[in-house]
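Okay, here's what each chain looks like letter by letter:
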Amino acid sequence: MKFKLFRWKAVGPLLLLFILLGVAVWIFAEPVARETTEEASTELLGTQVDLGKLDLLPRRASVELQALQIADPFVLTRNLLEADAIRLKLNPAALAEKKIVIENLSLSGMRFGTSRTTPARAPSGKGFTPQVYRAVQQWTDQFKVPLLSLTPVDTIRQLVLNPDQLTTVKQAQRVLARTDSTRKALEQTFQQLDIRPTVDSARALVQRLSATDPKALGIEGTRQAVQSVQQTLRDITAARRRVDSLERNARAAVAFLGQGVEMVNQATQQDVAFAKSLLKLPTFSAPEIGTALFGKVSIDRFKQALYWAELAQKYMPPGLLPRPRPGPQRLRAAGSTIEFPKAAEFPQFLLQQGSLDFSIGGTSPVRGAYTATVQGLTSAPALYGRPAVISVGRRAKGSAVAAVDIGAVINHLTSNTHDSVNARLRGIKLPSFDLPGLPFRVTPGIGSAELVFSMRGAALSGRWSVRANKVAWTADTAGRKANDIERLVWRVIGGLNDLSVMAQLGGTVSSPQLSIASNLDQAIARRLKAVVGEEVARAERMVRAKVDSLVAEKVQPVKRQVAEVQTKAMQRIAGERQRLDQVEAELNAQLKRLTGALAPGLELPKIKL
Amino acid sequence: MLGLLKLIQSIIKTLHSAGTPGQVAAGMALGSALGLTPLMNLHNLVIFSLLVLLNVSFGGGMLGWMLFVPIGFLLDPVFDAVGLRLLTAPGLRPLWTDLTNTPVVPYSNFDNTVVLGSFVGWLVLAVPIFFAARYGVAKYRATVGERVRQSRFYKAITASQVYNLYKMFRP
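If you read the sequences in order, they're chains A and B. Sequential numbering from 1 applies to the first sequence in the working numbering. Sequential numbering from 610 applies to the second sequence in the working numbering.
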């Protein structure tokens with residue numbers, strides 16, 4: 001029987017199956033693409049992305065998105081961006097290589113900061129973006145922004161301190177243990193040193209020689225006696241070297257104990273600060289007041305910039321090395337998908353040119369026509385060869401509102417990455433915010449704000465400033481009556497029409513530094529100092545006395561023992577050295593006597609030992 | 610339960626089909642690709658087309674698919690490791706880079722560690738699967754096959770409507 005390789009009768013059913021598959025794709029492609037886009041965008045940006053509708057326009061190689069909402073990851077009830085319609089013109093050649101190259105992007109009906117009808121889901125899970133979100137939240141915790149305390153000073157009489165809360169006691173116990181071990185180690189070293197045999201032997205030689213007449217020894221006897229003296233002198237020199245070495249070790253050990261004592265003193269300072277914090281004493285330090293008043297609101301601004309910069313670092317890596325990313329979610333294991341960028345080819349994602357013309361109407365102070373451009377936003381900056389540039393501008397001639405200028409540059413061409421954003425808003429209505437820890441709210445009104453943020457590698461620099469000259473203050477003392485100090489501060493700030501805040505960020509991502517200055521700081525500090533300064537100083541003295549009384553019985557013995565170890569060690573070293581010096585001098589005298597008898601009046605050359 | 614019944618039905622039908630043991634075994638070797646590798650990928654469309662077009666046992670293919678699905682899940686960590694090793698091998702990087710930048714090829718998802726690892730795993734296992742299946746089918750037919758054919762259970766299965774549809778694709 002002839003074997004047939006192909007089953008020709010199955011061609012028809014197979015074609016039918018392909019047609020059915022094609023019809024299924026035709027029907028379900030758009031809803032599936034919409035859901036996939038939502039899921040992928042949410043995962044990429046780390047914040048909920050909703051899409052009302054997605055239309056595929058294959059003939060024009062375009063995609064049209066409608067009712068796009070991107071939630072603010074830090075304020076879940078607000079949208080960062082809302083757009084009625086977005087049209088993406090894709091590059092078909094790139095699409096054939098499973099790459100998304102957007103030749104042109106146009107948006108219409110854009111709105112910013114709109115309220116959401118349902119709050120967005122908080123970033124969660126183990127993906128990259130939730131990790132960045134959590135890392136940025138932890139980053140903000142590093143700043144330890146103090147609350148401005150306006151508690152009446154008369155509460156200081158309630159200070160109750162538990163010695164277990166004080167780090168000085170623990171530190172003193174550590175130093176005490178260290179002192180004991182140092183004392184034992186030094187004792188052991190002294191025993192090992194043991195210069196007594198050398199000294200005893202030298203003394204015996206001195207006694208023997210002093211009882212001998214050099215003239216009766218003869219030349220041979222004198223030579224042997226001189227050799228014995230020289231050998232003993234060498235032994236003494238070796239013993240002295242051992243003493244010197246021991247002294248160096250002892251001094252190092254004692255210095256180490258001294259550091260411990262210094263740490264105890266520092267711990268006492270910390271305990272005093274801790275005790276003061278329990279009293280919630282008002283501070284007169286203008287920088288501290290500035291940080292307390294505007295720290296949180298400033299950090300919030302920098303936090304958002306850092307979040308997007310961290311995402312850019314991840315999604316726009318420099319170089320052309322293969323890059324792994326998590327594979328698609330499916331029943332089977334996702335694995336990793338590796339990208340292989342190649343010079344002179346399309347990157348996996350590229351937004352060549354995005355032009356956004358939008359307007360904000362109504363009576364809003366930010367109404368007017370806006371122009372935004374996005375260029376070179378890509379997953380492989382090294383392939384594109386130019387930094388990504390985003391700019392948003394608004395000009396409204398004759399309007400009360402002056403201008404909005406936002407510019408961002410993402411330069412990941414080399415490993416020396418640099419991300420920066422510069423946003424300048426003039427003549428716009430600034431959002432009101434609460435003063436942390438105080439029952440006051442500030443409404444800056446129309447003013448100007450500026451945010452400059454730069455991340456070069458891990459180095460951060462930033463500036464956030466707000467300036468307004470028609471500030472309104474609101475006191476919220478519902479449910480309780482303001483105390484004297486709060487009323488005092490209210491009188492200070494209530495009389496101010498101007499607000500000028502300048503926050504500066506520096507350092508690195510792992511060790512950021514924030515400094516804040518405002519026109520309120522000095523005013524509040526001066527007034528507080530004038531009114532409650534003397535009382536606070538008295539309270540501080542009382543706190544110090546209280547801490548000192550609690551730690552004294554633990555700290556004083558430690559300091560005493562450290563001093564005792566130091567003194568004893570040095571005395572013992574001096575004693576040993578003195579014994580060696582003494583016996584050496586006696587030996588030299590005997591040597592001189594011996595050599596003088598051998599050749600009276602003859603000066604022998606000095607013996608080098 | 611239904612899935613188990615279908616599996617038994619498929620096994621019985623395939624083992625007693627008119628196809629030679631070689632045709633059944635070839636079908637199983639091809640069908641095992643559908644089970645061992647993630648299903649929704651371009652290469653599986655090709656495998657399915659081959660199962661339909663080539664003169665191999667389609668039932669064997671379906672049987673191979675069903676039998677190797679759990680094995681595929683179990684071996685996923687191994688496939689992931691194999692795929693990662695292949696995709697990160699410096700010597701193969703030019704090949705993967707060229708394939709990534711070739712039209713249509715990236716839609717095969719070869720750049721995914723599990724897809725590539727499982728596909729290579731299937732290529733390696735296909736020949737042993739073929740020979741083992743051919744031996745097993747021949748041995749079955751020579752020993753208990755005829756007794757099963759005479760059983761009521763077999764007659765009940767072959768009488769079903771599904772069987773008639775199946776006969777259309779039998780070798």
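Derived from the structure by calculation, the hints contain no laboratory data. Hints should not be assumed to be uniformly reliable.
Sample of chain A residues at the chain B side, in silico, Cβ under 8 angstroms [to be verified]:
no. : residue
1   : Ala10
2   : Gly327
3   : Thr337
4   : Gln353
Label-pair restraints from in silico Cβ distances [claimed, not checked]:
no. : chain 1 : residue 1 : chain 2 : residue 2 : range
5   : B       : Val713    : A       : Leu15     : 15 to 23 angstroms
6   : A       : Val32     : B       : Leu659    : 21 to 29 angstroms
7   : B       : Gly745    : A       : Gln138    : 36 to 44 angstroms
All C-beta atoms in this analysis are idealised placements derived from N, C-alpha and C, irrespective of residue type, glycine included.
Against the structure, the hints:
1. Evaluation of the A:Ala10 hint against chain B yields a held restraint, the C-beta minimum of about 5 angstroms falling below 8 angstroms.
2. Because the closest C-beta pair between A:Gly327 and chain B is about 5 angstroms apart, less than 8 angstroms, the hint holds.
3. Interface restraint check for A:Thr337: the shortest CB-CB distance to chain B comes to about 5 angstroms, inside 8 angstroms, so the restraint holds.
4. The restraint placing A:Gln353 at the interface with chain B is violated, with a minimum CB-CB distance near 23 angstroms, outside the 8 angstroms limit.
5. Remark: the range hint 15 to 23 angstroms for B:Val713 to A:Leu15 is upheld by a beta-carbon distance near 20 angstroms.
6. Here the CB-CB span from A:Val32 to B:Leu659 is close to 27 angstroms, well matched to the stated 21 to 29 angstroms.
7. The hinted range of 36 to 44 angstroms is not satisfied by B:Gly745 and A:Gln138, whose Cβ atoms lie roughly 59 angstroms apart.
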